[in-house]
Structure formats: structure tokens, C-alpha cells
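Novice: Residue-level listing of the chains:
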Amino acid sequence: MKTIPVGVAAAAVAISLVLTACTATPPAPTASSSGTTAPKASVLRVWAGSSTPITVDFNPFHVDTALFGTYGPIYEPLFFYNQLSADPPTPMLGETFAYSADGRTVTIKLKPNLKWSDGEPLTADDVVFTLGYGPNKSDKLTSVTATDATTVGAKYSTPQFTNESQLLGATMIVPKHVWSKVANYMKETNPKPVGSGAYVVKTTSDASYTLTANADYRDGPPPISDVQYLGLDSNQSGQDMLTTGQIDWTGMFVANPDTVTGDGAIATMNAQQDPTVIVTCSDAAKGCKGAQTDPAVRQALNAAIDRPALAEKAWAGLVGEANPAFVLLPRDQQWLSDPALAPSPQSPNAAQAQQILEAAGYAKDAKGFYAKDGKEVDLDLFSPDGWTDYNDAAKLIAEEAGKAGVKVTARTVSEAEYWTPVTNGDFQLAMYGLTQSLVADPFSNYDQYFYGKSTAKVGDAPTRGQNYARYANGVVDAAVEAAGATNDPAAKKAEYAKIQAQIAKDLPYIPVVLNASQAFFNTKGFTGWPTNDNLYADPLPYLSVAPAIVLLHLKPVS
Amino acid sequence: MVFYLRRIAFYLVTLWAAISLNFLLPRMMPGDPAAIMIGKLRRASGGRELSEETVKAIYALLGADKSVPAWDQYLAYWGRLLSGDLGVSSTRYPYPVATLIGNALPWTLLMVGAATVISFVLGIVIGAWVGWKRGTWLDHLVPATSLLQSIPYFWLALVLVAAFSVQLRWLPIVGAYDVFAFPSGPEWSWDFMVSALYHAFLPALTIVISSVGGWLLGMRNMMVSTMSEDYVLTAEAKGLRPSRIRDRYAARNAAIPSLAGFSIALGFVVAGSIVTEQVFSYPGIGKLMIQSVQGLDYALMQGVFLVITLTVLAANFLMDLFYGLIDPRVRSHG
Amino acid sequence: MADRYASIRYLLPKWSGKLGAGLVIVGLISAFGVIAPFFTADPRDSGNKGLLAPSAGHLLGTTKLGYDVFAQLAAGTRGSLYVGLVGGLSAMLLAIVFGIIAGYFGGWLDEVLMLATNIMLVIPGLPLVMVIAAYVQNAEGLGDFARSSTLVALILGITGWAGSAVVLRAQARSLRTREYVAAARVAGESGLRVIFVEILPNLVPLIAAQLIFGVMAAVLGEAGLSYLGLGPTNSITLGTMLNDAQTGQAVGSRAWWWFVPPGALIALLGTGLALVNFAIDEIVNPKLRLAPQAARLQRKATKEGKGVAGGGAFA
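Protein chains in written order, with our numbering: chain W, 1 to 558; chain Y, 1 to 334; chain B, 1 to 315.
Just so you know, the hints here were simulated from the structure itself, not pulled from any lab data. It is possible that some hints are incorrect.
Claimed, not checked - Here are the simulated EDC-like cross-link-like pairs (lysine to aspartate or glutamate), alpha carbons at most 16 Å apart as the crow flies:
no., chain 1, residue 1, chain 2, residue 2
1, W, K403, B, E198
2, B, K18, Y, D139
3, Y, K40, W, E312
4, B, K49, W, D477
5, B, K306, Y, E229
6, B, K287, Y, E52
7, W, K498, W, D477
8, W, K137, Y, D72
9, Y, K40, W, D64
10, W, K187, W, E358
11, B, K49, Y, D230
12, W, K375, W, E399
13, W, K403, B, E304
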């Protein structure tokens, strides 16, 4: 009898097993790998940016690791602030609010008959508890009380006009009866959250988690019964899943959106908001080293960059125009003091850059680069690995600066190696993204990034704010403080005019472009998405709170 | 007997060396994981100040206590290891590293283990056949497998995904199982196993394609050498059937050096599997390794490196024992 | 007189189709990498439009940022060959030290070196490289060097020598028992001199094979590291080209002219090196060349009816 070698037999078994696996149709109650778009049950499949393995964390105090859906669908704030418009905020848990004339007292009236997802009533006590708990507790808060079951009064030691969206729109209200029993809120992962929102947690796994409609939601259960958030590890996978119809909603950068929207099932929207800048360590007095501490060098770079080429090559033409006043146009048009400031120069002007440098005492050396006092200007520009748009932009910026005679070397570093030097001021130039103000008022841009108290000397991390450019300007500081203390638009505009004039002259952050935020969503299977005529919320699934508003507007196409 | 004792002793020493290396490396690495995490938290909270207790809590969990001498830290590290405490991940805070690894390891063992075995068996079988048919056109098969082996692994994987998963939609794009059909995660059901096999097919295929060439070449060369040994000639002179000569006399002896070279080849398989898991978003420990290195999550990096080393050591140890079993020469004067 | 060259001829590979093909491929690629960069456009000039298909002006089109792909390919080949050579040579040197010295001297030196080699062998390569690369690239004070191709090549070299060391040690052990080695020792030559003069020359084919293997491993290792973001991002190599193509969504943009050539070139280089390696294998183990030849002759004779007993092991 001919004996078959064991190896061949084993191989045959293995191969036949595998073949069985791939010929057997994988069970798919929803259209998974076969590529059709409309799901049968109303499950909305989302990729908000989670990577695998998904670690369950619905703790709203874990601002960097809490899973998407915690802010908005599960927990809600008092009001919803739509960052795309200048409209007044929409009531969520709160009904109305009022600031005292000096801005030190806030009175909030809640909606009546609110409930938590476990059936307990949601009252002013919960709001009082939330405002005084853990990271929410501001050291400026002197007292917060519940004057009755639906009214909360909070008193502060300083005017709070500029904290309105933070307090009312970004503080998730948590149940007192749950969190008063939590020993350490930093260690708590909150796997079964009790929230007030339209969704509760159904199931979780390593690769995805599903939220299901809260039947007791105050406005009735939402029309979309289940929302499944996936974990994916690369933008390429996200794009592939979109084109094969396996996800319905995502926010990611796709260089050629036509490949995704081509067959008409997926629509896209691109709201350009966050300024991409070159952050410079700008103040030698604070310990910054390098030629970038000289405003003339920064102005020269500003003139030498070819912004349209950057927009086209590094961002596939999907970005908007930035301006040195850091005012988002057209939303914040009323706050722009000098129309000449907007936008940043949209064509490279090497000649002008050279004029600026020569006027400041620089001269070209033998290699064709500018130098002063015998020292060649040699600037180091870095960006994190994997952030392709920043890396591409850095390469192109280095080339364009070189053409104008300023030597810039672009390099990439690991992500951790990016944040630490930027935070500590241990850098010369870096690609960076500012977060645009979430309300129709550029105050937070100035406060976070330009205010003297938001910075620290080189070697220390700022304790509040994100002024990593180490910028400190007395005029700007006084104007920021004055603007923060008043609610009068005319007074604020006057202060902003002073700020804008200073920062456009000093350019501690050199504006590059206004970064794209592309959203892709399934219009064949679901209706009710925001449109350009009706931008009721920004359709990006990774934002705080806005996704909840979008989910409440959506309906499945039957 | 001495052979086995020597091997066991060797593996214990290697284990100790690997664990000590594992202890040293992150301590030599720059960057303070606690500071990195605090930075992330501040950015995520929009520049708001962090409360004192938050900062203290993070340092308590992640900060390295520089006041304790290194030797005490080393002993404490051993103590924690033996009780299964591999620390807390900073990128996936507050999950313990052991949990993350425990969830990921079975997937890697399943997919990579199966792919390695299939690749090994295929390589040996086809290599034996090519060696048997030496001098014919089959010899030209060998450069073809060399070509496959020289293709950069992730390039091959990306091309296959683009072709089979996106373009033709025959195979899934990512994942270890169908997340839409199993939203609560893995379960013990026939449907789930089928889904898992379906999803493991393409990643395993890419590993097999790129590693089968090595086994094939080694086996073919050994086969050709073995075929010219005297005992093969004797077997032929005895009038035995060609297939019997091929299997019982030549292939069995030719396969032995391939087993001996298993440890070297396994290193390549581990390397390939790391990139595989990244391309296919396969939830194994290779992907955890990449994420930990990119996020400078030292506790996770240490833990994954240790587990990978232990797994490879275990595989090598088993292979050594097996090798000692089948080749008496090694036992007598190892 | 002719005998002087006999020993060298004995060491050189015999001519065959495979060797010829291999040498031609490797030679062409090396020439491309060394000479072509002088004649192509500047690979770091982004003045062109992005993602142009191949045309007369750009033989292989342009990348997303407007770099000429052909120019990048030439510079990348040069970069990859550099990484391959540095990595392969450093691995070979370490393998010689750990393998031959251990094999020749024996005793406790052998035990210690073999322990180190075996430890390096079983500790998995890529994770170790990743951890070392992450450490080194984040270390302060290295500045530009941290991401240079030299450093990456060195890291690949010092983690890749263990396999070759084992092979060389086995050979050195067997050679140490030869008569001419004994003769040299009796004549009073020091150990190291014996190694250099008597043993190394006989191992040249083996070392050459290991070197070729090491070069290929370094080139592929660099490609893998670049994909993971740990590669020499400041240089242009085939690996960084592939990484740029992958992060620049070349596959999604159907820009095959950007994505395919670097990978194909690496594969071709590997195949060429492997073909040369086959020829070298045949020197080390002449049976690999003689046996297939003999089998072919046997089969031919059988077909013509001149064979004996109809095949058998040569069927």
C-alpha cells in the first residue's frame, strides 16, 4: 500500500479547510463583505478614528482615551454649540441661561422631567455635583448651588464670558448617584455608563462597539436604532471600507474624494477650520535658540512659502486659506479688523523675503544662504511620522525657503518625540495645527496661543493654555484680559484689532493653510445629514456632541 | 539525556538574558511616559489646566521612581513578572498590559502559527519533489521562489489587498472576523470559526507566499546532496520503488537540516507577521508591538517584546526536543 | 605556471546560465544606482505637477509632491545599495568574529561566543530592531545622524549576524582538524594568523554566500523598517520611496508608476543576488551542480534507450 507522506496529508487537510472557509458564505445578516450599501436593520456603521484593539472606556473624564460616542450620544452637556455657525446654542439638558452683567454669575434653567438611562431623575443636584467634581472644578468657582430642582446658580471670582462654551457646551453632566461612589475617577473605565443621552452601550468587543437607542430618551427614542463604531488601523483601510460600502460615516482625509463619492452612494462635506501653522520658538528672552527668534526671519519665511503649491500637493487642494489674524472666515467676519490681513500671501515672493532679510542686516554667504555676523541661518523644521500632510508640507516648505536663501532642513520624528520638544520649547520650527475657536469669536485662539500667561520658558511646559511659541507681548496680554472681561461687541472688536495688528507683525505662528475636515456619509441609506444650506452641525463623527445632534436628525431610508 | 539537559540549561540562560535585556532597554530610552501622557491629556482638554490630583495620579501610575536603586528595581521587576504583572499601558490607559497581550496572542498563534506550518510543509514537500526531479525544468522553479522571497513583504500584501479585497471583493479587507456579524466579539460557534478562517486566509496566504521559498530552497539543496549518498545508491540497487527511495530514504534525511534551521527561519516569520498584522489590521501581538513603539508606550513595548521572545524560545525549544528525538547523532555528541 | 591559478579557479563559480543571469541583473542594477543619479533630474525638486503619468519628460511620472519618480528611483537604488552593503558587511564581520574565532579556538571562548550567538539567534529580529531603532532615534544629541541610512544599516547589521555565525562556526570546526592547519600550528604560527592564512581563504565561497544573503536581508529589512516609520527618513532609498508611495495613497490614486517600480527593483535585486548565491552554493557543495548534470545525462541516455534498468532514482 502506498503510504502518503504525512506532510502531504497534513498539507491537503489544511488546504481543504481553508478552501471550505472561503467558499462557505460568511454569515452576514447585514451586508458585510459583499459590497451592497443599504443595511436591513437600521444600523449605522461608523469609523470615528478608533484603532484596534478597542479598549472599553466610557469615562468622560478620560478626554484622550474615552471612546467616541461618550461625548454627546451617551453623556450630554447643557447646550449644543454649533462650531460652523454664529447661531445661538441649542438647548440640550439646559433650557435657558443668563450671565450677570459683570459675568461672574451664571444662572441655568434645566428642562423639566429629565431622566438618566437607569430611570433616576436628572435634577439640578446632578449639575451642581458635576460642576464641582474632579477636573470640572475650576479654581475660579466660588460657589455653585441648586436654587430649585431645575435651576442652578454658579458664582465665580472672575468674569466668565469667554468660558461660556466650555461650561455650557463641553461639560458633560454626570449622575451624582453613580460618580459620588467612584473612588478614583482617573482609574475608572466606566464600562456601563449611565448617561442622559439618546444612546446607551449595547455590546463591546476588541474590534468594535455598538450603541443602541435609549428607549427612555426625553425626546423619544432616536430613529437609528443601533450605531456601531469600528476600529481600523490605517486611513487606507478606512477608504477601502468606504468604497466597498462597509461603513456609512467617517471623517478622514482622502486625497481624491471622487474615488469614494463616484457611485453616488456616499456624499462628502469639507469644512475647513483649524489653521495649520509653522510654530516657531519665537522669544530669545524665554530661552529660544536660533535665527527664528528674529521677526524678520519669520516674516521672510512667511513671504517665501508657496501656499497654493502646498495646498495642491500636500493637501490635494482640499484646504482653505489661512490668515495671520487667526479669524475664521466667513463665520467670524465681524471680528476681522483690517481686511488687508486676510488672507496670507497666496503666491511665493522670494524677492520680498530677500528684501526683508537684507533690511534686517542679513547678507548672502558663499553658499547662497543668508547669514548674519558670520553665522549662517540654519533652521530645523520637524513633523511627526505618519502625518503625511505635515511631512509633505515640511519638505516643500524647506525647498521654497531654500529658493529664497533661507536654509531650512525638514525632518520627521516619532509622535512622542514630536510633542515633547514642542511642549518644552526645545525646538526651532515645527509643523503644528491650532484648534479653531468653537464659537463665533476668535477669543480662544488668542487666549490659548498668544496670551503671555499661556506660555512658559523653554524647558517648562505651560500649565494652562497652549502658547508653545513662547510668545509674550504686553499689548496683546492687556488686550486679551480686557476682551475677556466684557461682553460688549464694540469693545471686544477694538481689543481684537490691537491683538491682530501685533500678531500679524510678529508672526510667532506662521500661517500655512486652513486644514480640511472631510466628512463622508451614506446618503443612499440614511437621510437627514447636514447640507451646505442647512449646516445644523458639523458631520464629523469624532467631534464632541455634534455627532449626537446629527444622529438625532438621521432617518434610515426604508 | 545530557543533550536534553544542555538544551534546557541553554534556554533558561537565554530566557534570563532576554528578560534582563527587556528590563534594561526602556530604562535607557529617553522620554518620560508620564510626561508624555500628561501632555496628551492637556492637549485633549483644550489647554485647560490639569488638576493636581490628576497629575499626581498619572505619575503614580507611570512615572519611574528614580530614587530606588537600579538593582532593587530589577528585583522588583522579576517579582512583578512572576506574578503576571506586566504594568499598565499608557496608550491604552488604564488597561493592564497583560490583558492586552492576552487578547492578542491567540490570534497571532492562530494565523501565524498556521501559516508557518503550512509554509514549512509546502516548502519541504515541494522542495523534495524539485530535488528529486533535479536536472529537469523544475530546477527553474527555484529562482521563481527566490523572486517571491525578495519582494518586500508589505508591498506584496498591499497589492494583494488592492486586487482581491477592494477591486474584486472576494476577500475581506481588514480584521480577524466579521465585525458586523459578530458585534460582541468572538464566540464559540461554527459560524464564527468559518468567519475567522475566511479572514485569516489572505494574511496567511501572503506569509506563505513570501516564506515558502526559503524552505523550498533548503530542502531542494539537501535533497540533491542526499540523493548522491551511497545509501540511496544501495537502495536503488536493491530494486526499491522510486517513490519509496524518495520518501523513506532521501526526503527523511534531507529534511533534518531544515528542522535545524527552523529557528533562523522562525525569526523571519515573526518579522513578516508583524508587518502582516499591520497591513491587514489583524489584532495580533505584532500590531501591538508596532503601536507601542510608535506611541513610545514602554510598558506595552516591554511586555510584547517579552512575549514574542518567550514564544519564539518555546517554539525553538520544542523544535530542539523534536530534533533530538529524530536525529540520534545529535543526542550522542551534541 | 598554470597551477598558480588553479587554486583561484577552484574557488570561482563555474559558468552557468543562472550565474550569468544573476551577474547581469546585479551588475545592471548596481550600475543604475551608481551612475544614473548623475544623469537624472534632481530627486528633491518638487517643481513639477504631482501624480503625472509616465511621459517623455518624466520617464516614470511624478510622485504626489512632484518629484520625478525615475530620479528618485536612481537615488533610491543608490541609497538601498549603500544600506545593503553597510548592513551586509557589518553583519559579515561580526559573523566572522563570532563564528570563526569560536569554531577555531574552541573551549571556553567557543562556549561564551556560541551562547551569545544563540541568544541573538532566538531573540526575534524585527522586534529587537524596532526597539533599538526607537531607542537610538529618540536619543538626544544624535541630531541628523539618528535618522540616517548609515545608522539604520548598522542597526540591521548588528542584529543580523547570528545565522551566518552558526554556519561559519560549523565550517571552522571541521577545518580546524585538517592537516595543513595542524602543520601550521606545529610550525609555530599564532592562532589569528592561522585563521587568516589557512582557514579564511577556504571559507571565502561560504562567506561570499553569507555576505550576499546579508546584503539582501539588509535591503529588505530597511524596506520593512521604512514601512513602519523607523527607517532612514532623511535619505532616499527604495524603502522610503515605498513608504512615501504607501502613505501618499499611491495605490488608491492608481499611481502604479510610483508604487510598482521600487518594489519590483528590490525583488529583481534579490533575485539576481539569489542566482549568484546558487552558483556559489555549487562551489561549496559541488554535488549541487554535478548531481543534476548527472541526472540529466542519465535521463537523456534512458530516453535514447541506452540506460540501465529503466530509471530508478533518476526517474
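Novice: Please go over all the hints and tell whether each is borne out by the structure.
Specialist: Tested hints:
| no. | hint | result |
| --- | --- | --- |
| 1 | W:K403 / B:E198 | violated, 59 Å |
| 2 | B:K18 / Y:D139 | holds, 10 Å |
| 3 | Y:K40 / W:E312 | violated, 31 Å |
| 4 | B:K49 / W:D477 | violated, 44 Å |
| 5 | B:K306 / Y:E229 | violated, 24 Å |
| 6 | B:K287 / Y:E52 | violated, 75 Å |
| 7 | W:K498 / W:D477 | holds, 10 Å |
| 8 | W:K137 / Y:D72 | violated, 39 Å |
| 9 | Y:K40 / W:D64 | holds, 7 Å |
| 10 | W:K187 / W:E358 | violated, 57 Å |
| 11 | B:K49 / Y:D230 | violated, 68 Å |
| 12 | W:K375 / W:E399 | violated, 20 Å |
| 13 | W:K403 / B:E304 | violated, 76 Å |
Hints 1, 3, 4, 5, 6, 8, 10, 11, 12, 13 from the earlier list are contradicted by this structure; the remaining hints agree with it.
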